[in-house]
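**Q** Residues per chain are reported as follows:
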Amino acid sequence: MKKIMLVDDVEISNFIMKKMISKVSGDYEIVDYTFPELALAELADHNPDIIFLDLNMPMINGWEFLAHLQENNLKYKIYILTSSTSQLDVQKSKNYENVKGFLVKPINITELADILQTVL
Amino acid sequence: MITESNQVFRITYEAFSKFANSLNRCRTFEEIAACLSINLKYLFNYHVFRTVYNRNKTYVHLESSVGHTSIKVDKIAHYLPHEELLADKRNPQKWTGITSLQLSDSFLAIEDEDLELWGWNFVNDDRQVIVSVLSGSRKRFSQKDINFLKLVADNLETKLLELCLIKELDEKNHIISQINEDQKEIITERTSEIAVKNKTLLEISVLNAHSVREPLSRILGLVSLLDAESEEDLYKEIIPMIKNSSNDLDKALQNVIDHTTKDLLELKVKNEKNNVSG
Numbered sequence: 001m002k003k004i005m006l007v008d009d010v011e012i013s014n015f016i017m018k019k020m021i022s023k024v025s026g027d028y029e030i031v032d033y034t035f036p037e038l039a040l041a042e043l044a045d046h047n048p049d050i051i052f053l054d055l056n057m058p059m060i061n062g063w064e065f066l067a068h069l070q071e072n073n074l075k076y077k078i079y080i081l082t083s084s085t086s087q088l089d090v091q092k093s094k095n096y097e098n099v100k101g102f103l104v105k106p107i108n109i110t111e112l113a114d115i116l117q118t119v120l
Numbered sequence: 121m122i123t124e125s126n127q128v129f130r131i132t133y134e135a136f137s138k139f140a141n142s143l144n145r146c147r148t149f150e151e152i153a154a155c156l157s158i159n160l161k162y163l164f165n166y167h168v169f170r171t172v173y174n175r176n177k178t179y180v181h182l183e184s185s186v187g188h189t190s191i192k193v194d195k196i197a198h199y200l201p202h203e204e205l206l207a208d209k210r211n212p213q214k215w216t217g218i219t220s221l222q223l224s225d226s227f228l229a230i231e232d233e234d235l236e237l238w239g240w241n242f243v244n245d246d247r248q249v250i251v252s253v254l255s256g257s258r259k260r261f262s263q264k265d266i267n268f269l270k271l272v273a274d275n276l277e278t279k280l281l282e283l284c285l286i287k288e289l290d291e292k293n294h295i296i297s298q299i300n301e302d303q304k305e306i307i308t309e310r311t312s313e314i315a316v317k318n319k320t321l322l323e324i325s326v327l328n329a330h331s332v333r334e335p336l337s338r339i340l341g342l343v344s345l346l347d348a349e350s351e352e353d354l355y356k357e358i359i360p361m362i363k364n365s366s367n368d369l370d371k372a373l374q375n376v377i378d379h380t381t382k383d384l385l386e387l388k389v390k391n392e393k394n395n396v397s398g
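Chains as they are written, first to last, in my numbering: chain A, 1 to 120; chain B, 121 to 398.
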């Protein structure tokens, strides 16, 4: 079973994603984290096929999360999922090989279905 | 018929006209000195010819003797003792016992018999020209030379006024361009201040937009889920979450309003301070 990891400091955001993913298909295993540092620590245990990552978070933000992956040469596929519409953030995200897409909240269900089908 | 005295007058008049033309072309004080050095000796006899021109607080000292002419612009009168007397009394004078007059070295260096010192004070509106001529038996200045001396003094006064006015104008232009430079600097400074403020305001507005968009995106996401949910889940989960997110949105907006008001007030206070100091 394919595994999806959600990293967002706001629990409701993770809830929305879980609901939406289950609407697309019930065939995915989902793990969600509101503490990105914990998500990093347990990354190897889960070995997710795709990670949806928020940018604006306390303690460790999305960019630091990405930097950690890069430094440790970890090839996880990342989709940024943020409420930021800033073009600066879009440009910055292109510097990370892990980042496969930049999504702006709220994501719609067709968009999500497309991504899950192509990537997984 | 041309008499001998008429002939002399005609030659002198030609010399004067040459002097007047040459003086008219002068553009600097040094050129005036050079012009006098060349032309004055053809108009009348003298050992030393000296003038002090004064207008406002500007004094021009001009002294011409054989082989030497000097001109100096000064803020102080530096009158010789006999010039002090002329400045006080204003009527023409003639001294014969000049050793008692404490004259400058250039006067006392003259070796001649029967030295005479002539002096005039011409006043024209706000200008004053004190002229003195030292003559002796070898170079005798006489009564009939006075007409030409007056013409020389008059021409000289007009020319010196012109040069002094040009000098004043240059100084004022300099002050004006200095003021312009200062203004430019102030404008550049203020413009960069405004640019910094604009950038700050832009950053604040972008930050605000993001902080508001976060809870709003949640509400939109939750609303998109409404159709597919069972009534139980709706009441148990989704609606409380919409309430929760709506409160967050309200807080975020309150925060934006408070911060923006505070920032605007700070900018206003800074501007008022600038206006007072400027």
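Wrong hints could be hidden among the right ones.
For each label pair, taking beta carbons as the anchor points, the in silico distance ranges come out as [stated by the list, open to error]: (1) A:Glu11 - B:Asp378: 41 to 47 Å; (2) B:Leu354 - A:Asn108: 17 to 23 Å; (3) B:Thr308 - A:Asn108: 49 to 55 Å.
Because the hints were derived from the structure by calculation, they are not lab data. Ideal Cβ positions, reconstructed from N, Cα and C, are used throughout, including at glycine.
**Q** Each of the hints needs a verdict: does it hold here or not?
**A** Going down the list of hints, with the structure as the test:
Between A:Glu11 and B:Asp378, the C-beta spacing of about 26 Å breaks the proposed range 41 to 47 Å. Restraint check, B:Leu354 to A:Asn108: a C-beta distance of roughly 20 Å satisfies the suggested window 17 to 23 Å. With their beta carbons about 50 Å apart, B:Thr308 and A:Asn108 fall inside the hinted range of 49 to 55 Å.
In this structure, only the earlier hint numbered 1 is contradicted, and the remaining ones agree with it.
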